[in-house]
Amino acid sequence: MNTTAPSLEVAGLAYAYPDGHQALFGVDLTVARGERVALLGPNGAGKTTLVLHLNGILEAGAGTVAVAGLPVAKRNLAEIRRRVGIVFQDPDDQLFMPTVREDVAFGPAAAGLRGAELEERVIEALDRVGMAGFADRPPHHLSFGQRRRVAVATVLAMRPEILVLDEPSSNLDPASRRELADVLRSLDVTVLMVTHDLPYALELCPRSVVLSGGVIAADGRTQDLLCDADLMAAHRLELPFGFDPRSVTAPV
Amino acid sequence: MGAGHAHKLYRQGRSPVHALPAHCKIAAVFGFVLIVVSTPREAVWAFGLYAVLLAAVAAAARIPAGFLLKRLLIEVPFVAFALLMPFVAEGPRVHALGMSLSESGLWGAWNILAKGTLGVAASVLLASTTELRALLLGLQRLKMPPMLVQIASFMIRYGDVITDEMRRMRIARVSRGFEARGIRHWGVLAKSAGALFIRSYERGERVHLAMVSRGYTGTMPVTDEVRADRAQWTSAALLPLAALAVCLLGWTL
Amino acid sequence: MHVPDGFINAPVSVATGAVAAAAVAVSLRGARRELGGDGLGGERTAPLAGLVAAFIFAVQMLNFPVAAGTSGHLLGGALAAILVGPYTGVLCVSVVLLMQGVLFADGGLTALGVNITDMAVTTTVVAYLLFRGLVKVLPRKRRSITVASFVAALVSVPAAALVFTLIYALGGTADVSTGKVLTAMVGVHVLIGIGEAVITALTVGAVIAVRPDLVYGARGLSKPLELKVVPVAAPAAPGAPRPEPAAAPVAASEAAPTAEAEPKAPAPAPAHRSTKRVWLAGVAAALVCAGGVSYYASASPDGLEKVAHDQGIDKQAKDHAAKDSPLADYSVKDITDARLSGGLAGVIGVGATLAVGTGVFVVVRRRRDAAETAITDDRTPQQV
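Just so you know, the protein sequences line up as chains A, B and C, in that order.
Going by the UniProt record's numbering, the letters in the first sequence line up with residues 1 to 252, in that order.
Going by the UniProt record's numbering, the letters in the second sequence line up with residues 1 to 253, in that order.
Going by the UniProt record's numbering, the letters in the third sequence line up with residues 1 to 384, in that order.
Just so you know, these hints were derived from the structure itself, not from any lab.
Just so you know, even glycine gets a beta-carbon here, dropped at the ideal spot from N, CA and C.
Hints are not guaranteed to be accurate.
To be verified - Facing chain A, from chain B, some residues (calculated, C-beta under 7 Å):
{"hint": "1", "residue": "41"}
{"hint": "2", "residue": "133"}
{"hint": "3", "residue": "160"}
{"hint": "4", "residue": "161"}
{"hint": "5", "residue": "173"}
{"hint": "6", "residue": "175"}
{"hint": "7", "residue": "206"}
{"hint": "8", "residue": "207"}
{"hint": "9", "residue": "210"}
{"hint": "10", "residue": "213"}
{"hint": "11", "residue": "215"}
{"hint": "12", "residue": "221"}
Please put together the full structure from these sequences, using the hints given.
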């Protein structure tokens with residue numbers, strides 16, 4: 001693996017759906033190794049479309065995507081999908097195996113791991129999200145917050161270069177939300193987090209980018225972006241009532 | 001019958017029956033049922049012996065009789081059918097309790113009741129001593145196509161999720177003052193069913209995305225290779241072999 | 001109708017097992033094509049068929065109240081065939097039956113072949129063939145899909161009963177004449193079929209109103225998607241209605257507005273004139289099918305009965321409940337040709353059934369119309 005290349009490098013990415021609807025109009029985005037970046041933007045801005053390009057589920061109409069220097073292309077798909085761990089919004093979609101253990105093992109096993117090595121991977125990943133005691137449970141017996149954490153473990157087990165989270169805080173109660181934040185902070189991987197939860201973005205991600213109308217409309221320190229009232233209004237971003245991004249000490 | 005009860009089917013335990021590999025148990029139960037079905041119905045005592053065999057297995061598995069009997073209720077519709085048979089069947093008739101009953105109908109009823117009950121009891125024993133997942137993997141080891149096993153495991157995994165969605169839709173209907181009372185409400189219920197299908201199908205598409213994202217290419221990685229040794233096969237074979245002996249006796253006597 | 005162990009003898013159970021296995025094997029291949037990916041790579045059969053199986057499993061628990069505390073539920077073969085295609089339908093219903101047999105002991109293990117052959121294979125295949133045939137014949141309207149679903153589901157259930165009777169004739173363990181079994185099974189299942197038909201038609205109608213693209217049997221009927229001619233130059237406005245894959249629609253009651261918001265469903269003019277023609281065509285097709293099926297089917301049971309008679313087994317007078325009804329023993333009085341009379345009885349039976357079914361359907365739809373206009377006042381006419 002190329003250790004000097006950034007974790008994620010998107011250049012000039014454009015995409016139109018087969019039905020003619022164009023969702024991306026030339027996205028440029030570079031995420032350095034170890035960074036935690038929030039991807040903000042209104043509904044319909046193309047966030048999900050962008051995410052599906054990162055592991056080659058959608059094929060770029062124009063432009064390129066590279067993960068740790070490896071271009072996303074048909075011949076690299078297996079390795080790309082190992083490097084990019086996407087945590088989807090609904091953990092029930094993500095946890096499709098009958099038990100937590102099998103689900104976490106799915107990715108590494110698909111990559112060819114077996115036996116003790118596989119088991120070690122599974123336990124390690126579950127340990128990092130604090131769910132090691134739940135390996136033999138069926139996913140639907142877990143609480144929503146626990147399921148979300150297991151979903152994170154399922155991609156951590158693949159030792160990804162970059163973790164992509166789609167709305168990680170949605171539907172979580174405040175305690176589960178905080179627990180997940182603790183987990184994410186403790187990880188030493190690159191994180192790209194798609195979210196509408198602006199305080200969460202501020203809490204976890206020093207840097208944010210705003211995707212709007214299929215292009216990156218802003219890129220900077222999360223706190224600066226959230227304090228820019230005009231920018232926020234132009235892209236339908238709104239802070240929760242009573243929340244003042246100036247009043248908190250943002251992480252750097 | 002409901003996905004909601006799925007986890008109640010299995011009774012946790014550490015008996016020797018629980019410990020047998022699933023594929024041995026499935027093969028044994030299937031063999032047993034096939035032998036029972038092939039037994040001549042006139043050999044009434046043979047069915048008694050089969051029942052004793054199953055009781056012995058239940059005892060070894062420490063499955064309480066009450067649990068087993070309750071699960072046998074699934075058979076009730078066919079019991080009703082069997083009870084009807086002496087009245088509608090052909091052949092010479094006997095008179096009992098003031099009713100004219102067909103002799104062969106009585107035999108037919110006995111045949112269905114005995115074999116059906118034994119079959120249900122054997123399946124119940126299998127399901128209550130084997131975990132769902134192990135059952136599916138067992139079927140796969142018995143050469144059921146892996147794709148079928150995958151479909152079945154998705155069905156089990158998402159049965160609860162979809163039943164839950166159905167329950168939420170019902171609550172939503174009830175909360176808005178709707179109560180299905182008769183045929184004229186079928187339209188609304190059918191719309192719910194349609195919406196449920198759309199949700200299920202779209203969830204299937206999302207699950208597929210999530211799988212592809214983790215490197216799925218069409219085959220499930222087999223992660224646990226449970227192999228059965230000779231001793232396990234032998235102990236699993238005890239049931240069908242004993243049944244076979246009974247069956248052969250039934251044919252010769 | 002889950003057959004338990006012991007109802008059908010061992011050799012025939014094994015033989016139907018082989019038939020079922022072959023059908024499932026063929027369906028596995030076919031389903032791959034039906035659920036074929038949209039260029040996303042990987043294999044979509046397992047997750048999609050699994051979810052559809054879970055759906056059928058769940059929808060079998062959805063109770064449709066009939067009257068006075070009784071209720072019916074969907075069997076789902078016809079519905080599955082129309083919504084996801086015949087191969088996937090066979091596969092899904094088979095998996096449901098397999099799981100019901102193994103987990104709940106609902107249906108015997110040795111009878112699995114029988115159960116799959118008649119409940120998974122027969123219903124879906126009959127329903128799908130009939131459905132496609134009708135859709136081809138009927139005008140290209142949404143209402144035709146509903147009508148075709150109705151007829152397909154209506155015929156599929158008694159067809160399964162017919163196949164069951166056939167299996168019974170080959171390997172039944174009870175000494176009840178095949179004719180009686182046929183009459184009882186088909187009679188009861190024509191009734192069940194009416195319920196199945198109404199529910200299936202309504203459900204397909206509900207799906208087609210929201211996601212016509214998801215109804216497999218109706219693919220190629222809707223025009224190719226030609227939506228969103230918004231000039232591309234303007235980047236999609238904030239809140240543009242691009243549904244993100246993760247966002248699921250939509251409770252049933254919310255579905256109606258969605259359908260209207262989507263421009264892709266071209267609204268065919270509500271043609272009241274053609275309705276009658278559509279119904280007539282549907283009825284005619286059903287009659288022809290039922291007549292034909294009965295014509296051939298009746299030959300074998302009648303033959304068996306004749307054999308029984310010749311052998312002198314059949315000495316007892318038949319005390320048949322429906323003996324004096326014109327359809328007793330499934331053949332019409334005063335017509336000597338066994339085949340012809342059987343066929344005629346089939347036609348009359350299904351005709352009567354259809355008449356009742358149509359009546360029910362019309363009443364239901366009228367009621368539903370009334371109910372819906374009360375709730376949502378702005379629906380397009382062809383949907384109601």
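Structure-based check of each hint:
1. 41: violated (40 Å)
2. 133: holds (5 Å)
3. 160: Result: holds, 5 Å to nearest chain A Cβ.
4. 161: holds (5 Å)
5. 173: At 22 Å from the nearest chain A Cβ, residue 173 of chain B fails the 7 Å test, so the hint is violated.
6. 175: violated (20 Å)
7. 206: holds (4 Å)
8. 207: holds (5 Å)
9. 210: holds (5 Å)
10. 213: With a closest approach of 5 Å, the residue 213 of chain B hint holds.
11. 215: holds (4 Å)
12. 221: At about 3 Å, which falls below the 7 Å cut-off, the nearest Cβ of chain A leaves the hint on residue 221 of chain B intact, so it holds.
The structure is inconsistent with the numbered hints 1, 5, 6, although it conforms to all the rest.
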